[in-house]
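As a plain string of letters, each chain reads:
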Amino acid sequence: MNTKQKALNRIMFVLSIAGLLMGVYVLQSFVRQTGIICLSGGGCEAVRKNALSYPFGIPVPAVGVAGYTFLVILTFLRTTNQQLATKLLPWILGMATFGICFVTWFTYTEIFLIKGICMWCAISAVNMYIIFGLAVYETHIRN
Amino acid sequence: MKLTSETKLFIGIFTFTAIIIAVAMVIMTRPAKPIAKEYLILPTTYTKGAKDASVWLVEFSDFQCPACKAFSSVVSDLSKKYPDKLLVAYRYFPLDSHPQSIPAAIAAESAGIQGKFWEMEQLLFANQERLSEALYPELATQLGLDMNTFRESFANPKTKQIIINDRNYGTSIGINATPTFFLNGVKLNLLTPSDLTKEVEKVINGK
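If you're matching them up, the sequences are chains A and B in order. Take 11 as the starting number for the first sequence in the working numbering and just add one per residue. Take 13 as the starting number for the second sequence in the working numbering and just add one per residue.
Treat the hints with care, since some could be wrong.
Straight-line C-alpha distance at most 20 Å; calculated SDA-like pairs for lysine to any residue [unchecked claim]:
| id | chain 1 | residue 1 | chain 2 | residue 2 |
| --- | --- | --- | --- | --- |
| 1 | B | Lys-20 | A | Asn-12 |
| 2 | B | Lys-20 | A | Val-34 |
| 3 | B | Lys-81 | A | Asn-12 |
| 4 | A | Lys-125 | B | Glu-141 |
| 5 | B | Lys-14 | A | Met-11 |
| 6 | B | Lys-20 | A | Leu-94 |
| 7 | A | Lys-125 | B | Arg-42 |
| 8 | A | Lys-59 | B | Lys-81 |
| 9 | B | Lys-45 | A | Ile-47 |
| 10 | B | Lys-49 | B | Lys-199 |
| 11 | A | Lys-59 | B | Val-86 |
| 12 | B | Lys-20 | A | Thr-90 |
| 13 | B | Lys-20 | A | Ala-17 |
| 14 | B | Lys-199 | A | Gln-38 |
| 15 | A | Lys-59 | A | Val-34 |
| 16 | B | Lys-60 | B | Ala-48 |
| 17 | A | Lys-59 | B | Lys-14 |
| 18 | B | Lys-20 | A | Leu-25 |
| 19 | A | Lys-125 | B | Lys-49 |
Simulated from the structure, these hints should not be mistaken for laboratory data.
Work out the full structure, taking the sequences as your base and the hints as a guide.
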């Protein structure tokens, strides 16, 4: 990886860790059924208490935690050797593409069906879009 | 395997994050201390059931909140089922997003002055879809209240202040959604109205 690619990978790693932190915080409140600190009024609670936030019985933040964990591992493994650095970029792009599809679906669900916005979900959605953008950019400069 | 400096940096960041998560989990999983009864049930708070009951349930509620309506019938059923074992208290927590929640709470408080708080509470939830300034005198008439007294209390700024004080207290103890219940001073985390029945009966039956 050249300096630019290293920097992009570092940013994606840090953003994935930030996403993971948010996911763990929100997930524990979903699992323990406790309140969420939320700057968007009662939006987080409305989202947490809605059945739509548990597709197939899985709490939405669990999907976020899994996705961000995967991204943390991928970005980390890319630092270990040059071969993996090249091979794993499409995996990151794939994961981030799934991530933006998921956060877009959930943001739609929040606004139009639950009628409440959870601040953490919104920040996580923006975070995933940035990771996706960085992955696309790195793919572009690599090609 | 020789680690690159980049790998070492990432391990460092990850370890630091893991420590933060571990510390946060320890702090967040500590059980909350129960709140004393005298803070949750004030002398002016409306209650039903035995005053000296060992089990007491405090609800922070909003008359315009659909979930509060759903829980209200469960609270009423519990109160009827355990009149000697359960004390139920109602505290106002009008949400900003509901324009009629404060006027409705004022109407309930005004009915309470004439001893008809719980009757008005039931009527307000039953008519939740049509809450309006015009509805409250109609409900008061239905309850046979003295209309002059009702209008006076409704217009009195002190009545509104009781509701605001309840909300301010609720906010100070971390309430940010309705309904929020405290059972013997411990905040309940409920998903459905049937969860409330389970929690209350668990304590009443000593399980």
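Evaluation of the provided hints:
{"no.": "1", "hint": "Lys-20(B) x Asn-12(A)", "verdict": "holds, 17 Å"}
{"no.": "2", "hint": "Lys-20(B) x Val-34(A)", "verdict": "violated, 24 Å"}
{"no.": "3", "hint": "Lys-81(B) x Asn-12(A)", "verdict": "violated, 61 Å"}
{"no.": "4", "hint": "Lys-125(A) x Glu-141(B)", "verdict": "holds, 17 Å"}
{"no.": "5", "hint": "Lys-14(B) x Met-11(A)", "verdict": "holds, 17 Å"}
{"no.": "6", "hint": "Lys-20(B) x Leu-94(A)", "verdict": "holds, 16 Å"}
{"no.": "7", "hint": "Lys-125(A) x Arg-42(B)", "verdict": "violated, 32 Å"}
{"no.": "8", "hint": "Lys-59(A) x Lys-81(B)", "verdict": "holds, 15 Å"}
{"no.": "9", "hint": "Lys-45(B) x Ile-47(A)", "verdict": "holds, 18 Å"}
{"no.": "10", "hint": "Lys-49(B) x Lys-199(B)", "verdict": "holds, 12 Å"}
{"no.": "11", "hint": "Lys-59(A) x Val-86(B)", "verdict": "holds, 18 Å"}
{"no.": "12", "hint": "Lys-20(B) x Thr-90(A)", "verdict": "holds, 9 Å"}
{"no.": "13", "hint": "Lys-20(B) x Ala-17(A)", "verdict": "holds, 15 Å"}
{"no.": "14", "hint": "Lys-199(B) x Gln-38(A)", "verdict": "holds, 17 Å"}
{"no.": "15", "hint": "Lys-59(A) x Val-34(A)", "verdict": "holds, 17 Å"}
{"no.": "16", "hint": "Lys-60(B) x Ala-48(B)", "verdict": "holds, 18 Å"}
{"no.": "17", "hint": "Lys-59(A) x Lys-14(B)", "verdict": "violated, 48 Å"}
{"no.": "18", "hint": "Lys-20(B) x Leu-25(A)", "verdict": "holds, 18 Å"}
{"no.": "19", "hint": "Lys-125(A) x Lys-49(B)", "verdict": "violated, 35 Å"}
Comparing the model with each earlier hint shows violations of hints 2, 3, 7, 17 and 19; every other hint is respected.
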